[in-house]
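With the hints as your guide, set chain Y onto chain P.
There are 2 protein chains.
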Amino acid sequence: MQPGLVEQLIIRNDSKIVLLVMDGLGDIPAGGHQAPLEEAATPNLDQLAEDGTLGQFDPIAPGITPGSGPAHLALFGYDPTVNDIGRGLLSALGIDFDLTEKDVAVRINFCTLDPDGNVTDRRAGRPPDSENRRLCQKIREKIVLPDGIEFFLETESQHRAVLVIRGDNLSDQIGDTDPQNVGVPPLDQKPLSPEAERSVAILGSIIDQVSIILSDEKQANMILLRGYSGFRRLPSMEERFGLKACAIAEYPMYRGLAKLVGMTALPPYKDFDDSISILSRQWNNYTFFFLHVKKTDSYGEDGNFEAKKQIIEKVDKTIVPGIQTMAPDVLIVTGDHSTPWIMKAHSWHPSPVLMHGILVRKDRSEKFSEIECQSGGLGRLPMINLIPIALACAGKLAKFGA
Amino acid sequence: MQPGLVEQLIIRNDSKIVLLVMDGLGDIPAGGHQAPLEEAATPNLDQLAEDGTLGQFDPIAPGITPGSGPAHLALFGYDPTVNDIGRGLLSALGIDFDLTEKDVAVRINFCTLDPDGNVTDRRAGRPPDSENRRLCQKIREKIVLPDGIEFFLETESQHRAVLVIRGDNLSDQIGDTDPQNVGVPPLDQKPLSPEAERSVAILGSIIDQVSIILSDEKQANMILLRGYSGFRRLPSMEERFGLKACAIAEYPMYRGLAKLVGMTALPPYKDFDDSISILSRQWNNYTFFFLHVKKTDSYGEDGNFEAKKQIIEKVDKTIVPGIQTMAPDVLIVTGDHSTPWIMKAHSWHPSPVLMHGILVRKDRSEKFSEIECQSGGLGRLPMINLIPIALACAGKLAKFGA
Numbered sequence: 008m009q010p011g012l013v014e015q016l017i018i019r020n021d022s023k024i025v026l027l028v029m030d031g032l033g034d035i036p037a038g039g040h041q042a043p044l045e046e047a048a049t050p051n052l053d054q055l056a057e058d059g060t061l062g063q064f065d066p067i068a069p070g071i072t073p074g075s076g077p078a079h080l081a082l083f084g085y086d087p088t089v090n091d092i093g094r095g096l097l098s099a100l101g102i103d104f105d106l107t108e109k110d111v112a113v114r115i116n117f118c119t120l121d122p123d124g125n126v127t128d129r130r131a132g133r134p135p136d137s138e139n140r141r142l143c144q145k146i147r148e149k150i151v152l153p154d155g156i157e158f159f160l161e162t163e164s165q166h167r168a169v170l171v172i173r174g175d176n177l178s179d180q181i182g183d184t185d186p187q188n189v190g191v192p193p194l195d196q197k198p199l200s201p202e203a204e205r206s207v208a209i210l211g212s213i214i215d216q217v218s219i220i221l222s223d224e225k226q227a228n229m230i231l232l233r234g235y236s237g238f239r240r241l242p243s244m245e246e247r248f249g250l251k252a253c254a255i256a257e258y259p260m261y262r263g264l265a266k267l268v269g270m271t272a273l274p275p276y277k278d279f280d281d282s283i284s285i286l287s288r289q290w291n292n293y294t295f296f297f298l299h300v301k302k303t304d305s306y307g308e309d310g311n312f313e314a315k316k317q318i319i320e321k322v323d324k325t326i327v328p329g330i331q332t333m334a335p336d337v338l339i340v341t342g343d344h345s346t347p348w349i350m351k352a353h354s355w356h357p358s359p360v361l362m363h364g365i366l367v368r369k370d371r372s373e374k375f376s377e378i379e380c381q382s383g384g385l386g387r388l389p390m391i392n393l394i395p396i397a398l399a400c401a402g403k404l405a406k407f408g409a
Numbered sequence: 008m009q010p011g012l013v014e015q016l017i018i019r020n021d022s023k024i025v026l027l028v029m030d031g032l033g034d035i036p037a038g039g040h041q042a043p044l045e046e047a048a049t050p051n052l053d054q055l056a057e058d059g060t061l062g063q064f065d066p067i068a069p070g071i072t073p074g075s076g077p078a079h080l081a082l083f084g085y086d087p088t089v090n091d092i093g094r095g096l097l098s099a100l101g102i103d104f105d106l107t108e109k110d111v112a113v114r115i116n117f118c119t120l121d122p123d124g125n126v127t128d129r130r131a132g133r134p135p136d137s138e139n140r141r142l143c144q145k146i147r148e149k150i151v152l153p154d155g156i157e158f159f160l161e162t163e164s165q166h167r168a169v170l171v172i173r174g175d176n177l178s179d180q181i182g183d184t185d186p187q188n189v190g191v192p193p194l195d196q197k198p199l200s201p202e203a204e205r206s207v208a209i210l211g212s213i214i215d216q217v218s219i220i221l222s223d224e225k226q227a228n229m230i231l232l233r234g235y236s237g238f239r240r241l242p243s244m245e246e247r248f249g250l251k252a253c254a255i256a257e258y259p260m261y262r263g264l265a266k267l268v269g270m271t272a273l274p275p276y277k278d279f280d281d282s283i284s285i286l287s288r289q290w291n292n293y294t295f296f297f298l299h300v301k302k303t304d305s306y307g308e309d310g311n312f313e314a315k316k317q318i319i320e321k322v323d324k325t326i327v328p329g330i331q332t333m334a335p336d337v338l339i340v341t342g343d344h345s346t347p348w349i350m351k352a353h354s355w356h357p358s359p360v361l362m363h364g365i366l367v368r369k370d371r372s373e374k375f376s377e378i379e380c381q382s383g384g385l386g387r388l389p390m391i392n393l394i395p396i397a398l399a400c401a402g403k404l405a406k407f408g409a
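From first to last, the protein sequence lines stand for chains P and Y.
Residues in the first sequence are numbered consecutively from 8, following our numbering.
Residues in the second sequence are numbered consecutively from 8, following our numbering.
Warning: the hint list may mix true and false statements.
Stated by the list, open to error - Listed below are several chain P residues computed to face chain Y (Cβ distance under 8 Å; list not exhaustive):
hint, residue
1, E14
2, Q15
3, I18
4, R19
5, G124
6, R371
7, K374
8, S382
9, L388
10, P395
11, I396
12, L404
13, F407
Keep in mind that the hints were calculated from the coordinates and are not lab data.
By construction, the Cβ of each residue, glycine as well, lies at the ideal position given by its N, Cα and C atoms.
Chain P on its own, in the form it takes in the complex (with noise of 0.2 Å):
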């Protein structure tokens, strides 16, 4: 797709997108089953797929396996090889943290040192999350910093923190500290552009201040950083596609992601029927709705088939039947990659996707599954094709010349 091709045919009007995302929804057959998307009772799905078409997408190309980062700005239309989230800031969304054009963030691991400076673990034994905050309050207690720099250092889980510097004229081109290994010392951190040199030597004041206030932990005494990232503001979608949109998301990092699209991120949903409650309370205020449900990801990640499988029925008998009360001119529905069971991960499988609405061109499908997307009718796509199929079946794109 050439680049701004599809912006300069936009039509604004209020005809309704709604965009369902369950994460990691892409399974394999394995094990004895088929795909729990395959075995999963969907009547409701299943009937979208006789209606509509199905197809199967890639969220970034053949063979690429995608973080949710990447695969999102893909489903949102945005090209996730030109824009790069850096894990800073992928982290700093994930715990909500409210992030402004004057900050640098920072993946942080805390890890073990031995009496030499070399790496022992990189995950300093992989702590409970309150281990986690003690340090972190324990560094924010003692350190000292430079005029005009805010500091903040917020806990992930286990290992992983966020570490974010505020104020003028800082840089993210930095390299990172983590060796990504263990038996040698962390890494210097190295100016990627002359610009750096001030936020390097900013933040190597902080290592040093933080190896020092750690010294006296047994496991923890020491930080490696990496993905350091600035927050650049994506063109939004209402600019780039004319769409109001919202997301209705229970988690904050999809939130964040939403919101980097220029996305208004609607209060986290309790259980499926309040993000129904939102999505209908909320329909005339926007024409562009991304839904997303976690635990399809969450399950795939653990292993667990049935429960894959479960959560899939559950959307299908709740959220599905809740958004076609509404009436969307275009419904999709997919997942932002695969995450199969049985490798516990993401995936390079394609994304199966589902397209409903009247000027959708119906295929054979007769079933919401893996192995039917593969002969659906909109066949295998890159996933940043899926907005503007969406918008054309919605009337928002007008022809292109003559």
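Showing chain Y alone in chain P's frame:
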């Protein structure tokens, strides 16, 4: 497709490729009907599908609805997002105006201005063609031109006409005067580059004169200009692909589009039998035959399901067996874009493609229809890939690399 990749592999030989385009062929199931191509009785096309292969090709990109110009460029193997065809050029092609490289063509609307100079009707009440011809004649008789400039003003239909100026060093880098709205005055022409200033001055004088010449008209008392376009001949299909190409088409616009890529536009055919007579007479003179049928699109635009279906049946009965008599090495049947009858307009749905030839890899298709194309062996591809595949199947492409 890497630009220039195909061109470096060209083998010139006498094998024959026929590209049969049913304009706006693609459709969607709607109103209790399958798509017209699906419902039509097309035994000859179905036999070709059974012996050949199918696919669904996106004229521009998924979700993008193309105009006729870009859609045909893609069919001919030209990237329509790079090779922009202006509306003035397309209008000139459409009336069979013989453009030269000294020309700038502009699409004009006759319009109505109120006494304050604001547009009240962008189409001057859609005058009959005879009225349009009278207005053009009146302007041509009275207009005064600078030395070295020729002026043409030709009726398209209703309120539409084509204005052409011819001379040395003219430029089409000029912004439209059509405000695309009523209640406001026409816009001033804007030079979009410094070398356009002379052309702006010449056209500005023409506009001022037209305003005086038409001042006694009740409705059509002004003109609006848009889509300024110079005639830039593209590298020909002979130069790029080694094809001696000809066009067999009823309508001037498609003959013009063919000429733009260096095809010989044979005289318009009178009926389908005549199109086959021309094909047969010219068989030894060319290696590529573009045969264009307009009415599939026209009936789609009219919202006439039955007529669209019947014209497809007639093509199947007359043109298809006529082509088969000539035994081309590769026969392609497709549309330039979809024109769903329920939408009465071009659409973004991919175009059904049928390819037949001895080296075409057969698929499981048993019938030529949109729904069979969705699971066809060619898959879903950008239309610009059509010519390279056809060239390969005709033995016209050498191996890439050792």
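Hint check results:
no.	hint	result
1	E14	violated (12 Å)
2	Q15	violated (11 Å)
3	I18	violated (11 Å)
4	R19	violated (15 Å)
5	G124	violated (50 Å)
6	R371	holds (6 Å)
7	K374	violated (16 Å)
8	S382	holds (5 Å)
9	L388	holds (6 Å)
10	P395	holds (3 Å)
11	I396	holds (4 Å)
12	L404	holds (6 Å)
13	F407	holds (5 Å)
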